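Participant: For the protein sequence lines, the chains are A and B, in the order given.
Taking my numbering, the leading residue of the first sequence gets 1, the next gets one more, and so forth.
Taking my numbering, the leading residue of the second sequence gets 1001, the next gets one more, and so forth.
Think of the hints as simulated: they come from the structure by calculation, not from any bench.
Quick caveat: nothing in here was measured; it's all calculated off a predicted structure.
Each residue gets a CB set at the ideal place from its N, CA and C atoms; glycine is no exception.
Hints are not guaranteed to be accurate.
[What the hints assert, rightly or not] One-sided and incomplete, this derived list gives chain B residues near chain A with beta-carbon spacing under 7 Å:
hint, residue
1, Ala1139
2, Ile1267
3, Ile1292
4, Asn1314
[Claimed, not checked] EDC-like mimics (lysine to aspartate or glutamate), calculated; alpha carbons at most 16 Å apart, straight line:
hint, chain 1, residue 1, chain 2, residue 2
5, B, Lys1062, A, Asp211
6, A, Lys240, A, Glu164
7, A, Lys171, A, Glu155
8, B, Lys1196, B, Asp1247
9, A, Lys427, A, Glu337
10, B, Lys1279, B, Asp1239
11, A, Lys332, A, Glu428
12, A, Lys176, A, Glu118
13, B, Lys1062, A, Glu215
14, B, Lys1062, A, Asp214
15, B, Lys1279, A, Glu428
16, B, Lys1105, B, Glu1161
In case you want the letters, here they are:
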Amino acid sequence: MNLFKRAFLYVTRKRGKSLLLFSIILVISTLVLCGLASLDAEEETSTELRGTTGASFTVNRNLSTGGWGNGNGGSYSTQDFISSEMVEKIVNIDGIEAYDTSSTTILKFYDRSGNYYECINPTGYAPADSQYYVNTTINSQYSSVFLSQTFSLVEGRHITDSDENVILISKDLSDKHGLKLGDKISTVNDPDNNDPTVEVEIVGIFNVNIDKTDEKNNYNMASYYDYSNYAFTDITAMEKLLTNYKGERPSDGYSSVDFFVSDPENLESIIIEAQKINSINWDNFTITANNEVYERTASSMSDMSSLIRTLIIVIVAISMGIITLILSMWVKSRVQETGILLAAGISKTSILLQHIFEVGFIAIFSFPLSYLASKIFAGNIGSLFGKTADNVIVTTQHFSLVCGAGIVILILAIFISCVPTMRLKPKEILSKMS
Amino acid sequence: MSLWKRAYLHTVRKKGKTILMFCILLIISTLILTCLSIQAATDTAALNIRKSLMGSFTINAKHIDMQLGDNVVSEILNTNGITPNYNLRSYYHAEYRSLDGQTLKITTDGAVEVPEGYEYAGKIVSNAHSDVDTYFSEAGFELIEGHHITTDDSNVIIISETLASQNGLSIGDHLVLGAIEETDYQVEARIVGIFKAAIPLEPGIAPSYDLYENVSFSDNKTYSQLYYDDGNNHYQYGDFYAADPADLDTIISNVKTISGITWDECIITKNDVDYQNAKTTLEALQNLVTIIILVVIAISVVLLALVLSLWIRNRIHETGVLLAMGFSKRNILMQHIVEILMIAVLTFALSFATSSVIAQSVGDRLLEQATANDQIVVTSLTGQETEKNTVDTSVSLTSIEIAVSLLDLLLIYVIGTGIILLSVLLAAYPIMRMKPKEILIKMS
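Pulled out of the complex, with its shape left as it was, chain A reads as follows:
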């Protein structure tokens, strides 16, 4: 009887034992597969967690290296504005998730028949009571007031770079004048300067969440406007509105742009890369990093992820230990059989190979099954916790790793556990038998 046949017969005839070994290999490889999948999920979730700190860097015009001029609206800096091409080049750097510009202009709002919309908390001084503090944005979702939850969108949608002639207004203002999504309002910068009027459509309505009466917010120009008198519009509308002020106001570009990175760990390298872009004259612009929250939490976050990683590594390492021990137990229980085979003149190599083939035969079935089992297992347990389920994904890479490493470990374990038996002569084995 050749060793293949012996191995096959052993496995099929000792059904109970084979089933047990099959289950053990299945369980352990499922555990290892789940572990590997969790390792990836940890990595992904940690990156996401770091991302929630909202790290960004801001590019500003460097006013100290530019000149000053005088025009329609008083003195202004002649420093270059941040051009769209420049923004595009920076956005192309890997790891930048989004960007937004911030520049503000005071605009007047009125309806089709030319009546001004009175602002919230009017002062009683007519020319000022139809003035609104309008931010030009290309991605209002990333505007600092929305990021800080000072405002939150309650109706409609945010402004994106594909929008033209749209506006976001406050809930208070929409209630006061009965304005709703889809309505159009007319805006103008300075009606006394022959400035063009632009009609914009309301695409979103935001709520003011914070206590505006807290005077800690009153440190700059913005504080003279009630938050309910804020509005957001797109760059196309603003370019038309400010056509009389070319060069003075940010109609030809942006005065400041915020770039948000997806992982704050890469902020420094992204900034360095941005500074390497040759076509930008960095003497005219400044870069500021905003990652205070990340800096505060970085060490705790890395503690967390190294703990989880260690947890998984401990699990995988110990699983390998367990399978080695169990195989030893398996081989040890076959001392008698080994003795008889040796006595029947079958070589030690052949017996060893028979054991390996037996386990291999079982493993061929349990490995693929563990792939399926772990997919179901990870998914089901994951779904108990909702969101995490999407993250724990068993991939074919994990599977090939488990198969590769699994086969090596199985063979090694059989070798090691066979050593004590194989060293003995058949007679010694048979006399040692229980």
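Dock chain B against chain A, hints included.
Facilitator: Leaving out everything else, chain B in the frame of chain A:
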């Protein structure tokens, strides 16, 4: 031969087998204990993340007659879950005068108007800690001389570079602040600092007293003396920090039970955006740990049951012989259970030691990494962090300890024994059902 003796002899004579079973049990219980200890540590790490994300709330009591008082503030600070860091703020206008009663010169260029009665006045911000004031943290003010105001200071002022040079004032000089709203009290203040505004205020928008040149920072005692002069301290706003932002809502509702102030007239604002942003992801990460632990425990249980089945199955021969010798099935079963429990009691105890060693080395590794991380943070991007870091020291992190708890060990004992009993019974069932003759026939 009693079952105890048989069990003892089997364990002692079959050294190899015993050692194997011992190792398997040891490894499984070490695995579970280590996992549980690491899980406890990740909870601490998550708490630290929440702590460093910070959550605070502001009480706006400006419109209440007596505003916030010292007794209310100290009661708030005694509330569970509030850190000892806080800031108390008041905003008002005061006229700048010299010691001999002469009005000082203020800046009016760039002002949209100089309101009547405010010709020599500026906006005064009273702070328990001026370094965290929004003018310094947001508007880009920089202290160029002297020191920031802390709770130790009384009757001091930080003025602008312009106000100082216009009136020939320098650090250590005194000036007089005169109340111009509600009362006409006046207070002498010593100049302890001079600031400069890095980014100018847009001209043509602010009234004269709001121009950066005319803004000053003072302490809370000065405010109380100017506007109350009743010997008590009064504060318009109070900022308080929660140790764990997850508790912020509970803390606020507890604070609202404090008597001595009409809470309905106060505006309480939560400030925990960073925590809210990170909340879901952080919880996902914690859930991941829970999932891993559950999987490990479930798989360990299955594994143990399988191994024990293998162990019992290998002893069909022995069982048949014993049955033939007239031992009852119950007696044989008990022997198997006693054998394994004898090993298990020892292994569980030992696993406490082995898992403690693993936990210790994990902890040490983590500590090494933490020190490495600190160094990375220090050599950071822009020069600005150094001054902003003042707030960071207020976050007191809980040190992460990875230790195996006795409770976990107890859990292992209870669950472990339960699994052993159950799986021995299950594995023995097919054998026990058979007659001795059948067993001996089936033997290999």
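Participant: Keeping to a limit of 16 Å between CA atoms, is the pair of B:Lys1279 and A:Glu428 held or broken?
Facilitator: Not OK: B:Lys1279 and A:Glu428 at ~67 Å, beyond 16 Å, violated.
Participant: CA of A:Lys176 to CA of A:Glu118, is that 16 Å or under?
Facilitator: With a Cα-Cα distance of about 9 Å, the restraint between A:Lys176 and A:Glu118 holds, given a limit of 16 Å.
Participant: For the pair supplied as a hint, A:Lys171 and A:Glu155, confirm whether the alpha-carbon distance does not exceed 16 Å.
Facilitator: holds, 9 Å
Participant: So if I understand the rule, the pair passes when the alpha-carbon distance is 16 Å or less; does A:Lys332 with A:Glu428 pass?
Facilitator: Status holds; Cα separation ~15 Å.
Participant: How about B:Ile1267: closest beta carbon in chain A under 7 Å, or not?
Facilitator: holds, 5 Å
Participant: Can we keep the B:Ala1139 interface hint, with Cβ of chain A closer than 7 Å?
Facilitator: holds, 4 Å
Participant: Verify the proposed pairing of B:Lys1105 with B:Glu1161, using a straight-line Cα cut of 16 Å.
Facilitator: holds, 13 Å
Participant: Against the 16 Å threshold, does the CA-CA distance of B:Lys1062 and A:Glu215 hold or violate the hint?
Facilitator: Roughly 10 Å between the alpha carbons, so the hint for B:Lys1062 and A:Glu215 holds.
Participant: Would the hint linking B:Lys1279 and B:Asp1239 be met if the CA-CA limit is 16 Å?
Facilitator: violated, 22 Å
Participant: Has the given pair, A:Lys427 with A:Glu337, been kept, meaning a C-alpha gap of at most 16 Å?
Facilitator: holds, 13 Å
Participant: Is B:Lys1062 close enough to A:Asp214, meaning Cα to Cα at most 16 Å?
Facilitator: holds, 9 Å
Participant: Between A:Lys240 and A:Glu164, does the CA-CA distance stay at or below 16 Å?
Facilitator: With a Cα-Cα distance of about 11 Å, the restraint between A:Lys240 and A:Glu164 holds, given a limit of 16 Å.
The structure fails to meet hints 8, 10 and 15 from the earlier list, while all remaining hints are met.
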